[in-house]
Amino acid sequence: MTAFADDPQPVSRRRFLRAALGASSLVLLAACGPAAPTVAPTQPAKPAGAPPTSVAPTTVPASTGSGVAAGSKQLVMSSSTEPFSMNPFSSAVSQTIYYGQFVFDGLTRPDDQLRPTPSLAESWTIDPDGLGYTFKLRRGVKFHDGSELVAADVKKSWEMIAHPDNKTGAQLYGFFSRVAGADAYNKGEAKEIAGVTTPDDYTVRVKMASVYGPFLALSAFQPILPRSAYDGVAPAEFDKHPTARQPVGTGPFKWVEWKNQDFIALEAHKEYWGGAPKLDRIVIKTVPDATTIPSLLRSNTIQLAGIYAGVSATDYDEFSKDPNFTLSEFPGTNWYIEFRYDDPLFSDVNVRRALIHAVDREAIVKDVLLGHGQVNDAPIIPASWAHVQPKTRYEYDTAKAKQLLSAAGWTPGPDGVLAKNGEPFKFELTTFMLPSTYPEIVQQMWKQVGVDATINRMDFGAFWGPQYLARKLRVAGLHVLTGIYTDPEYPLGGYFFSRLNRNGYNNPKTDELYFATQSSLDETTRKQRYADYVEQLSQDAPHMWVASPNEIWARSTRLKLPNTRLGFLLLTNVKDWEFTA
Amino acid sequence: MGRYILKRLLESVPVLAGISIITFLVIRLAPGDPAALLYDMSQLSPQQQEAIRRAMGLEDPLWVQYGSLMGSLLTGQLLSMRLHVPTLQLVADAAPVTLTLAALTLFVGIVLGLAFGVWSALRANTVTDDVLTVGTLLGLSLPQFWVGLMLVYFLAETLRWLPAAGIAPPGQAPGGPLEILPYLIMPTVALSSGIVAAMTRYVRSGMLETLGQDFVRTARAKGLSEQAVVLGHALRHSLITVVSLLGVLIPILLGGAVVVENVFALPGIGQLAVNAAMGRDYPVVMTVNLIAAGLVIVSNLAADVAYGVVDPRIRYS
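Sequence order for the protein chains is W and Y. Here the first sequence is numbered in the numbering used here, starting from 1385 and rising by one per residue. Here the second sequence is numbered in the numbering used here, starting from 725 and rising by one per residue.
The hints are simulated quantities; they were obtained by calculation from the structure and are not laboratory data. Treat the hints loosely; a few may be bogus.
Now the in silico label distances, taken between C-beta atoms and shown as ranges [to be verified]:
1. Y:Gln771 with W:Gln1832: 51 to 57 angstroms
2. Y:Glu774 with W:Glu1896: 27 to 33 angstroms
3. W:Pro1728 with Y:Glu774: 50 to 56 angstroms
4. Y:Pro785 with W:Gly1516: 48 to 54 angstroms
5. W:Gln1832 with Y:Leu753: 56 to 62 angstroms
6. Y:Pro785 with W:Ala1747: 50 to 56 angstroms
Glycine is no exception: its CB is placed at the ideal position from the N, C-alpha and C atoms.
Only chain W is shown next, with the shape it has when bound in the complex:
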């Protein structure tokens, strides 16, 4: 073995090691450097060389928490995801809708039961035939860029949604497709939507081709942006244009900064037409791991958790006992399982009904949701004026389930699994990574009546586009968002209407009832039609409503929020959020 110590050139190695140590500390410093290019604008500039007292560990809570919130009326709230595009004409994903409530207004806004009330339009009249609307705009409304809202902004905003090159806005276009002349414009055959006219700067006239019940609640709620911001922007490039990252509206908060994966900062729009917001600044911090939310609340890093992830049902009791925190619960989504309607296994209505009878859904609410939810047998949010439960409901009754299955020709095989003509009752329930064990519980309950289901969990990206939207699934477990739309119409068309749904459910009678819900402007009539629709849907049982989990919003008790019946409506009322002493 060579004697290392006697190596004739030890200096070079020694030098190398010294140099390496020096270099590594340089790397360390350099790596620290770029992360800290500027002093935050809201911090008072510190003289160079001042003792770094504010970073001493013991004072950190003051700089991260209560100090900031109490002094400057800044609220920090969490969100587990950030938007992709804040162009509300090209994107209708929930992120754009949620974050849009801070910065945008429509002509109408929803009240607590989702009825349209005046917003940018201070009043409107409807023609007796239901085919014409005249909106009177509020005067003196200022956009965040200082310009004043006029009728031309409304027309331009709606035309941006309907623009033929705006492919990704196709689904928002559905809200305007019944306006006279919209179809020609959308096909590129006209230069404007003929049915929308602006007799003067504060009047918008809409002429409809046919009656569309949700127009005031849904179409007129769409954000109005200043037309100047979209002059010269190609609608095919909406999401690539800087305006998609720097939205300008008339809303109570201005969009100040968007740091990817980190935060979005909003500042009060002092000239807001509805009165200056009571908070000065809202920071929406991206918190990717929802399990850290309780820690962030308790350390006062955030004062509100609600969008996308509030606190979980398991943390509910502990937070509800803590006087520093206030909890609010709202229904928001509805978990359900779709059966492929044209699959021989599920084509018999009695089989589908049996599968629902076999599941103790109240037990799922009690044990999985720990009581923070309910069974909702309709795709309409309970907060809505239109909410109704069907008369036909499928209570938990295994005897009935077995009897229906046996009537459909399924008899128990030797292994306990039902069989018919030698074929066992077996299928795969495909679902994405819901943070829940409900699929396993349903699987066990089905097993009790001899149905053998296996569960295939996929990540959302693999499930949603290539499997679910591509109509490849026999049995799909998913949820429908019902809590962010201002009219019950919104989720119905895509999820249950025969031409668009994914499980092949097709009953001309249901489709007819669905169209009927749109073809009246009268609330009582519409409500009755929704009741008829929901009843028909329930009788056909093309899917099983599992449970509707509550969103649990948690906030520092010092933060006062308006009383609403939906989490989404907290956002539409953000100007009234305030800190109390």
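Use these hints to put chain Y onto chain W, whose structure you have.
Frame of chain W; chain Y shown alone:
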């Protein structure tokens, strides 16, 4: 030596090209449709869905998509599908956080790993050694996210000594090195727990082996102090272990950053990579993968060069 480095760097070009092809095939063969994740397609007909995919270039032949992706990347024009900003800018924004965290972790891992390893070897088979062995076993077995969550619970939530998340007060730009430091203490501990443990074990066994060798006895025999024997002779001989470990640490650090950045809500490369993979943001996945691969190639090369300097028996020609 210079020629050797140049040769290795030239060799890395086809390696990176191969990695780009494999990355592209993997992300395109993995099931997923970025368009369906970006836009609410639940209300659209199949024709309308296809029109959106075509507008995003997702209906082109695969080789066309690969060519345009790589072409844009090499000219710095490649845009994220989700965020519509250049992927290189996203990486540049996220890199400082991850690099700082990685540098701190390396520093802590090497310093503590060497210290514990030497200590453990010198006190071999004593109570001190046993305690350190149990400690390293824990460090190796406890998952980083769990260590992170426990740290947050005790140090941020209960004691309120350290901030729970981020690298600055929410909504503010990060401050100077001293202001960032408190935010990085817990992430560094979580990320380095396993590395310190592994390093300790390697250094301990390397030292034990070295301490029994002839040249150490010779050093002692010529009357050198114990300090000079251990630090000047035995430890230097064991450094080769450390260097070889450094070569494989970069991928471990990047992988660990994914977990730790998630727990501490740090806007770094790990988060960027996870969000891009979950959202099927192919351009970002490709950019991050190639940069990570480049880092691994460079760190392996650096380790190989360092071998030659630390161990004179190794010569490159």
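Taking the hints in turn, this is what the structure says about them:
A beta carbon spacing of about 44 angstroms between Y:Gln771 and W:Gln1832 contradicts the range 51 to 57 angstroms that was offered as a hint. Restraint check, Y:Glu774 to W:Glu1896: a C-beta distance of roughly 29 angstroms satisfies the suggested window 27 to 33 angstroms. Between W:Pro1728 and Y:Glu774 the C-beta distance comes to about 29 angstroms, which lies outside the given range of 50 to 56 angstroms. One distance hint, 48 to 54 angstroms for the beta-carbon pair Y:Pro785 and W:Gly1516, holds here, with the actual separation near 50 angstroms.
Distance hint check for W:Gln1832 and Y:Leu753: the Cβ-Cβ separation is about 40 angstroms, which falls outside the suggested range of 56 to 62 angstroms. Between Y:Pro785 and W:Ala1747 the Cβ separation comes to about 52 angstroms, which falls inside the hinted range of 50 to 56 angstroms.
Hint compliance for this structure: hints 1, 3 and 5 are not met, and every other hint is.
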